Amino acid sequence: MTKENRDKLDIAAYIRGDISAEDEAVFEALIREDTDFAAEVAFQKTLRETLRSDAPPKQDTAFGWARLSKAIDEETPSSALPVPANDRGPRVKVWRYAAIALACVVFGQAYVIGSTHSDDKTDKYFMAGNIEVQSSTILKPANSARLSSITEFLSENNAMITMGPDEDGQYEISFQSLEACEITLKDLGKAGRNFEMTTGCEEK
Amino acid sequence: MNTPEPTQQNDLTLMSQISVGDKLAMKDVYERHAPHLESFVKNWLYDPSQAADLVHETMLEVWRNAGKFEGRSSLKSWIFSIARNKSIDSNRRNSRVTYTDEVPDFVEDTITQEEHMLGVQNAKYLKAAMADLSESHRRVLHLAFFDDMKYEDIALIESCPVGTVKTRIMHAKKALLYLVKKHKDFEPF
Chain D
966 MTKENRDKLD IAAYIRGDIS AEDEAVFEAL IREDTDFAAE VAFQKTLRET
1016 LRSDAPPKQD TAFGWARLSK AIDEETPSSA LPVPANDRGP RVKVWRYAAI
1066 ALACVVFGQA YVIGSTHSDD KTDKYFMAGN IEVQSSTILK PANSARLSSI
1116 TEFLSENNAM ITMGPDEDGQ YEISFQSLEA CEITLKDLGK AGRNFEMTTG
1166 CEEK
Chain Y
336 MNTPEPTQQN DLTLMSQISV GDKLAMKDVY ERHAPHLESF VKNWLYDPSQ
386 AADLVHETML EVWRNAGKFE GRSSLKSWIF SIARNKSIDS NRRNSRVTYT
436 DEVPDFVEDT ITQEEHMLGV QNAKYLKAAM ADLSESHRRV LHLAFFDDMK
486 YEDIALIESC PVGTVKTRIM HAKKALLYLV KKHKDFEPF
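Chains as they are written, first to last, in the numbering used here: chain D, 966 to 1169; chain Y, 336 to 524.
Some hints here could point you the wrong way.
[As the list claims (entries may be wrong)] Computed list of lysine-lysine pairs in DSS-like fashion (alpha-carbon distance at most 25 Å, straight line):
1) K1035/D <-> K421/Y
2) K1010/D <-> K516/Y
3) K485/Y <-> K1010/D
4) K519/Y <-> K509/Y
5) K1010/D <-> K459/Y
6) K462/Y <-> K1010/D
7) K362/Y <-> K1010/D
8) K459/Y <-> K362/Y
9) K1010/D <-> K509/Y
10) K459/Y <-> K421/Y
11) K1010/D <-> K403/Y
12) K421/Y <-> K362/Y
13) K462/Y <-> K485/Y
14) K519/Y <-> K462/Y
15) K459/Y <-> K377/Y
16) K517/Y <-> K1010/D
17) K462/Y <-> K517/Y
[Said to hold, decoys possible] Far from chain D, some chain Y residues (derived; all Cβ distances over 10 Å):
18) S354
19) Y381
20) W398
21) N400
22) R407
23) N420
24) D424
25) S425
26) T447
27) Q448
28) S469
29) F481
30) P496
31) K519
32) D520
33) F521
[To be verified] Covered by chain Y, according to a simulated footprint, are these stretches of chain D (three or more residues, beta-carbon under 8 Å):
34) 987 to 995
35) 999 to 1010
No lab work stands behind these hints: they were computed from the structure. As the structure is a prediction and not an experimental result, all values here were calculated from the model. Virtual Cβ for every residue (Gly too), placed ideally from N, Cα, C.
If we strip away everything but chain D, and leave its shape as in the complex, we get (with noise of 0.2 Å):
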């Protein structure tokens, strides 16, 4: 075959297992008669299995999905959208944490830590205390903090968001366990990043 012909093989479509019996049977026998393209399809191999080796984790997308359906919600008027049967929305939410709120206020556990720093450079964020269930809790940032910086953040805390934001831009996270919440809740505390914690997670 001469190098013109080659050349036009689609390497990576074979890798891929993108290309017919037939032509797998061409690209196996070529790789059996010539050591150059044995050795340019062993490359590509291997550059591709490193590269995918590489691959961050399945990520969840169920934070993201919830600030893109705010974002839609904001920009479209609810008339014009027709109201998916199992697509709950944000309003759903109002109640729920209407709820969380009493409940908060029932069991005089609710407690506003604010930040009393000041430093502009740092995105700040406020904490409204620990709500009846076993190791969630509300986050309010700041309007100035960028996603990034909260996602970042939670994720450097072993938490994750599971609803949010509603219409106050309060998200509520969740902790694997209550011990979890706890110890969290307590490094929070000290980790210098504009946080006072003065409550802590309750069992209810």
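Got chain D sorted already, so can you dock chain Y onto it with the hints?
Quick look at chain Y alone, frame taken from chain D:
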């Protein structure tokens, strides 16, 4: 159960649903493409911490312009090309000087058997060498070998002819192997 592979027809149907305001269809597109997109834009941005914001902006653009998708390319490459333009704008706003390892311009458009085998036998240096590549080289290799994109799709994203993509990939591989050799030669005994 595995998610079925998206086809051109599925893509068209989804996008036409989105164009009339179907949020569930948009959610489907988001869940299918956002994770890959985030990993992709991290390669482009000077500040990778902005990747999540860029994915958000890109997907919002997809929602707004769903009706413009004609199915002439895969939906993935259409979305990625929107992200690419946004990344360029973002990098312009945050422009800074980048320092990459100096790699000579390669005139020859062939890679020898020895060079290929050097790459195979020294796979452990490939990641470090990738990090030293220029942005455009790293990007095309990522699209071709990580995202498994066809040359035609890469051409759409890169806004260049298919022939240019092939040449760029060839030069990127050559530069990569050059850097692998450099890393290997500097390995402490």
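>> If we take the beta carbon of T447/Y, is the closest beta carbon in chain D still more than 10 Å away?
In response: The assertion about T447/Y is violated, with a minimum of 8 Å to chain D.
> CA of K462/Y to CA of K517/Y, is that 25 Å or under?
Replying inline: 13 Å, holds
> Is the Cβ of D520/Y more than 10 Å away from each Cβ in chain D?
Replying inline: 19 Å, holds
> Are the Cα positions of K1010/D and K403/Y separated by 25 Å at most?
Replying inline: With Cα atoms ~36 Å apart, K1010/D and K403/Y exceed 25 Å; violated.
> Regarding the pair K519/Y and K462/Y, is the alpha-carbon distance no greater than 25 Å?
Replying inline: Answer holds: K519/Y to K462/Y is near 12 Å, not above 25 Å.
> For the segment 999 to 1010 of chain D, does the count of residues with a C-beta closer than 8 Å to a C-beta of chain Y reach 3?
Replying inline: holds (count 7)
>> Just to be careful, I want the Cα atoms of K459/Y and K377/Y compared with a cutoff of 25 Å; is the pair within it?
In response: With a Cα-Cα distance of about 22 Å, the restraint between K459/Y and K377/Y holds, given a limit of 25 Å.
> Taking C-beta pairs only, is Y381/Y more than 10 Å away from all of chain D?
Replying inline: Non-interface label on Y381/Y holds, nearest chain D Cβ at 13 Å vs cutoff 10 Å.
> Non-interface claim for F481/Y: all C-beta distances to chain D beyond 10 Å?
Replying inline: 4 Å, violated
> Holds or violated: the segment 987 to 995 of chain D covered by chain Y, criterion of 3 or more residues with Cβ-Cβ distance under 8 Å?
Replying inline: violated (count 0)
> Is the nearest Cβ of chain D still more than 10 Å from the Cβ of Q448/Y?
Replying inline: Given a closest Cβ separation of 4 Å, the condition is violated.
> Does the claim that S425/Y lies outside the interface with chain D hold up, using a Cβ gap greater than 10 Å?
Replying inline: 12 Å, holds
Comparing the model with each numbered hint stated earlier shows that hints 7, 8, 10, 11, 20, 26, 27, 29 and 34 do not hold.
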